[in-house]
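Q: Residue numbers (full-length UniProt numbering), protein chains in the order written: chain P, 1 to 581; chain W, 1 to 423.
A portion of the hints provided could be inaccurate.
Claimed, not checked - Below are the EDC-like pairs computed for lysine to aspartate or glutamate, each with C-alpha atoms no more than 16 Å apart in a straight line:
{"id": "1", "chain 1": "P", "residue 1": "Lys569", "chain 2": "P", "residue 2": "Glu457"}
{"id": "2", "chain 1": "W", "residue 1": "Lys194", "chain 2": "W", "residue 2": "Asp129"}
{"id": "3", "chain 1": "P", "residue 1": "Lys119", "chain 2": "W", "residue 2": "Asp266"}
{"id": "4", "chain 1": "W", "residue 1": "Lys87", "chain 2": "P", "residue 2": "Asp124"}
{"id": "5", "chain 1": "P", "residue 1": "Lys119", "chain 2": "W", "residue 2": "Glu329"}
{"id": "6", "chain 1": "W", "residue 1": "Lys332", "chain 2": "W", "residue 2": "Asp82"}
{"id": "7", "chain 1": "W", "residue 1": "Lys341", "chain 2": "W", "residue 2": "Asp54"}
{"id": "8", "chain 1": "W", "residue 1": "Lys65", "chain 2": "W", "residue 2": "Asp360"}
{"id": "9", "chain 1": "P", "residue 1": "Lys542", "chain 2": "P", "residue 2": "Glu424"}
Since the hints were derived computationally from the structure, they do not count as laboratory data.
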Amino acid sequence: MKSQWLKQLYRRFLSGSYRSIRTKLLFCFLVVTLIPLLSLGALSYYQSARIINSQFGKYGENAVAQLEQQTSSSLSRMKQMSETIYSYLLDPARADLGNRAPVTYSEIIEKNDFEALLKSLRTDLTAGIYIITPSGYYYGENNLDVTKLGSIPAWQEKPSTFQGIYWLGFYMQDHGIGRAGDSNLPVLGLAVPIHNSSGAQDGSTILIEENAQELLHMFRLFEEDTKAHLTIKASDGRIVYKSASAFTPKDSDMIWDRTLSVNQWTIEARLPAKAFYLSSGIIRSNTILVAVISCILAFGLAYIFSSHFTARIRTLKDSMQKVSFGKLDTRMPIEGRDELGSLDMSFNRMVSGVQTLVQEVEQSERLKKEAELKAFHYQINPHLLFNTLNSIQWKARLEGAEDIRQMLYHLTMVLEGNLDISQELITLGRELRMIEHFLKIQEIRYGAVFHYELHCEEALKRYLIPRMTLQPLFENIFFHGFIDGIGVIELDIREEREELLLTLKDDGAGITAEKLGRLFVPGPRRQGRGGLGVQNADQKFKLHFGPQYGLTVHSTKGEGTTISIRWPKKEERSDGYNQEN
Amino acid sequence: MNKRVSLIVLATTMMVSVLSACGGNDGSAGTASQGGGGSKASKTLRFATWDTGDALKIEQDIAKKFETEHPGTKVQVEAYADGFDQKLAAGFGAANPPDVMYMWDFPTYHQSLEPLDGFADKDKDLNIDDFYKGLFNYGKIDDKLYGIPAGFTTRVVYYNKKLFDEAGIPHPKDGWTWNEFQDIAQKLTDKSKKQYGFGVRAENDTYDLQGFVWSNGSSFISPDGKTIDGYMNSKETADSIQMFGDMVKNGSAVLTGGKGQQSGDDIFKAGKIAMWESGIWPLESFKQAGIDVGTVEIPAFPGKPVKGVLAESALSIAKDSKQKDLAWEFIKFYVSNDSIKMRVADLPVRQSVVNELKKDQDSLYKPFYTMLERSSDTPAFLLNPKWNEVNRQLSAAVESVMHGSNAHDVLNQAVKDSERYLK
Chain P
1 MKSQWLKQLY RRFLSGSYRS IRTKLLFCFL VVTLIPLLSL GALSYYQSAR IINSQFGKYG
61 ENAVAQLEQQ TSSSLSRMKQ MSETIYSYLL DPARADLGNR APVTYSEIIE KNDFEALLKS
121 LRTDLTAGIY IITPSGYYYG ENNLDVTKLG SIPAWQEKPS TFQGIYWLGF YMQDHGIGRA
181 GDSNLPVLGL AVPIHNSSGA QDGSTILIEE NAQELLHMFR LFEEDTKAHL TIKASDGRIV
241 YKSASAFTPK DSDMIWDRTL SVNQWTIEAR LPAKAFYLSS GIIRSNTILV AVISCILAFG
301 LAYIFSSHFT ARIRTLKDSM QKVSFGKLDT RMPIEGRDEL GSLDMSFNRM VSGVQTLVQE
361 VEQSERLKKE AELKAFHYQI NPHLLFNTLN SIQWKARLEG AEDIRQMLYH LTMVLEGNLD
421 ISQELITLGR ELRMIEHFLK IQEIRYGAVF HYELHCEEAL KRYLIPRMTL QPLFENIFFH
481 GFIDGIGVIE LDIREEREEL LLTLKDDGAG ITAEKLGRLF VPGPRRQGRG GLGVQNADQK
541 FKLHFGPQYG LTVHSTKGEG TTISIRWPKK EERSDGYNQE N
Chain W
1 MNKRVSLIVL ATTMMVSVLS ACGGNDGSAG TASQGGGGSK ASKTLRFATW DTGDALKIEQ
61 DIAKKFETEH PGTKVQVEAY ADGFDQKLAA GFGAANPPDV MYMWDFPTYH QSLEPLDGFA
121 DKDKDLNIDD FYKGLFNYGK IDDKLYGIPA GFTTRVVYYN KKLFDEAGIP HPKDGWTWNE
181 FQDIAQKLTD KSKKQYGFGV RAENDTYDLQ GFVWSNGSSF ISPDGKTIDG YMNSKETADS
241 IQMFGDMVKN GSAVLTGGKG QQSGDDIFKA GKIAMWESGI WPLESFKQAG IDVGTVEIPA
301 FPGKPVKGVL AESALSIAKD SKQKDLAWEF IKFYVSNDSI KMRVADLPVR QSVVNELKKD
361 QDSLYKPFYT MLERSSDTPA FLLNPKWNEV NRQLSAAVES VMHGSNAHDV LNQAVKDSER
421 YLK
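Same shape as in the complex, but just chain P (with noise of 0.2 Å):
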């Protein structure tokens, strides 16, 4: 289960969607979360781990020169106590103190004022305070048993020619008079040999014994704060005191000494690296601790936030698809008000744009369609009609009424000109040809009272002109220009480099300037027939070739009508469509 979901994991990740923005995201977030995160966690604890180390093992130091201080201060209170009992010894006024029991009167009052002066030697912490003559005999308090002094570890080592200051260390004083094991005081001891081989009590010791309880209580406590292994070696190498701990001594371990001025002892505290570097260890592994879970927190916060973001992007971009595949009715859904936001919004904006643009679209092709179906619904008619002049043309023709089958000729000539809606552009020739139709027809209407001129080059009958622009613009001289059918149109076509100029002139009553004003201006209301094949030709003109295009009206009241009309070269294509020059 778990592996199939790294497998999915692994397989997404190596996936283009989570290559892409959540992956560098992802990586983004981590490089800038981790980086100071890591600097800052092992900073602080590289910091922290010099400040408690330096802070721990001086405080050691200070504990081991404590300790130090307390044994140098009960080491040099006996040691002075010993050098004052033994200068009263020494002193020759003291002869009368024997080595044996006093029994005599002036014994017992020497043996009284010198156990009254070792009585006032003792301190608060002196546990006892003796000096054994070689018979036995001992001075001092009642309390001491002569024959137990061998259970003193040290006493029975100290070699019998000992000189100086004998040092007993630590040991259970149990050499009381009572049962053994009565009192089982830790003390320290100090044998002194006295050597004085005129006085009585050469070869006595005095020793003095100093309650240890509070000194190894100190010892005990400083083990226990600070886990340290403490050894008190003498000058000789013996050793005064070790923790009860087991414990094997490494190069590697923290040593903390000191050595004792009064007796040259050395306090020596080994601490194990291990044990000396455990808070500092107990500081990193905190610090990791913290990193990691920083780390995962960074990561999971990175993970919820890119697949956030790149979600959004990806709903974008399947919507993108959606309205790919025409669905154009996609909307985004939009979330806040930042970038992806306003994206969002944009990209509803511009879908609802191109659906309204295709619906427009829709609507013209349908209506197009729908003009193109209803030409072909007038092109039927022309059929019948032309069907039925044809017919009527030919009953004329039976019955042998020549003009009359005439003017149908043309009549139908000008029609199909007319009702021929396939082509816009026709050829120049082909509405000229056209126009003499109209003008044959109208001849016979009229007679032959009119005069009609052309100008053009045999060239320029192959370009084109929009279908039906001449013919109306002929039939407002018949109508509005002539009176009866009287006067003279010239038609003049030339070329001007690329474009052609056509000119219509005729000499009828001309326009009124304030017609003329009115001739283009585009209205509902037109008034009579006049204008709209001017207006109607103009805009043929300018929907073919280009507003820049159209004709130009100059007329005089009374004196007859100008119109130019100016166009681009065109020529027809052999397929059959226009193409430009």
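Dock chain W against chain P, hints included.
A: Same frame as chain P, but now just chain W:
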């Protein structure tokens, strides 16, 4: 995005720093919030005692009871034990003595103590008439009362009934003589068993010996406290002390408590001495050790009345005490019937308690009370303020007698050496 990243970094940084701050504070945590716990115990009464062990525990219990009956008061029991004199002297010297203390050596300390006549006269609760009359003598200097008796003991002879029965010797009876005593001691000595009839202290407190000296019609010092010659070295004095030296010499008694020697109490407990002279103190321990113990009055010298010596402990108030009224309340409480009943290591100082408990009917306790009636003589230390100096020589002399010296000779020597202190 940038905002969010920086927020995360900030959060994690804070987390790290908070954690490291926690780590750094470990050492100093827990030092605060001490003190401020001192509730209503506004008054602290210091009470100094020389007792240790069970006796001390009883005294602490009494102090606790006093605390519950006097809310807002704390009694600080200071057990000076062996260093009692030293510490007390130091306390007086520094004008910082305990408020209430055990006291016996009034001649030495009375100048530092508060006279209690005023308190005792005014306070009917104390019921001063209930005390054994003789007890007040010890606490009076120049007719001023400095201590209220808290406990006392007289001295009797303990004997091991089993050893008497084994030897077929009848148990001693009140009114016996020193001759009978010595006889019995001889008979009960069996050196093969390291068993002796009597135990003699190697280092006697001369105070305790006064009973014998008085019984022999003498004393260490003249009644006016001015002369020792003819008293301390009189024949009667010397004889009474010599007697013990002789018993050691002839083997019917063993020296105890000296160098390399067990204490007499311990030997008696071990059943190795048949008779032992002491106060009330070891009685409980003898019973606990399983000794079938009997008590009897001190023997008499032929034709002379037996005299006893009284060891008394009293309670005093320091002159420098700041709360004498409270101290007086405590003393009153300490010598009330209830408290006296709690204290079994001493003999009750009140007759009513003795009557109630029928102590004087109990054969074990009766000799203590009959000896009390014989304790009318005034001890030497009350007669002369320089007695302590004289005592040094006397002690040495007595000790040498126990080691075989002639009592008459050494006492003469001691008197000679001591005379200068009395001038």
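Q: Give a verdict on every hint.
A: Evaluated hints:
1. Distance hint between Lys569 of chain P and Glu457 of chain P is fulfilled; the C-alpha atoms sit about 14 Å from each other, no more than 16 Å.
2. Among the hinted pairs, Lys194 of chain W with Asp129 of chain W is inconsistent with the structure: their alpha-carbon atoms are about 49 Å apart, more than 16 Å.
3. Taken as a hint, the Lys119 of chain P and Asp266 of chain W pair is broken in the structure, with Cα atoms around 24 Å apart against an allowance of 16 Å.
4. Our distance criterion of 16 Å between C-alpha atoms is met by Lys87 of chain W and Asp124 of chain P, whose separation comes to about 11 Å.
5. Among the hinted pairs, Lys119 of chain P with Glu329 of chain W is inconsistent with the structure: their alpha-carbon atoms are about 36 Å apart, more than 16 Å.
6. The suggested pairing of Lys332 of chain W with Asp82 of chain W is violated, with an alpha-carbon distance near 26 Å, which exceeds 16 Å.
7. Taken as a hint, the Lys341 of chain W and Asp54 of chain W pair is honoured in the structure, with Cα atoms around 15 Å apart against an allowance of 16 Å.
8. Of the supplied pair hints, the one linking Lys65 of chain W and Asp360 of chain W is violated, its CA atoms being roughly 28 Å apart against a limit of 16 Å.
9. Of the supplied pair hints, the one linking Lys542 of chain P and Glu424 of chain P holds, its CA atoms being roughly 13 Å apart against a limit of 16 Å.
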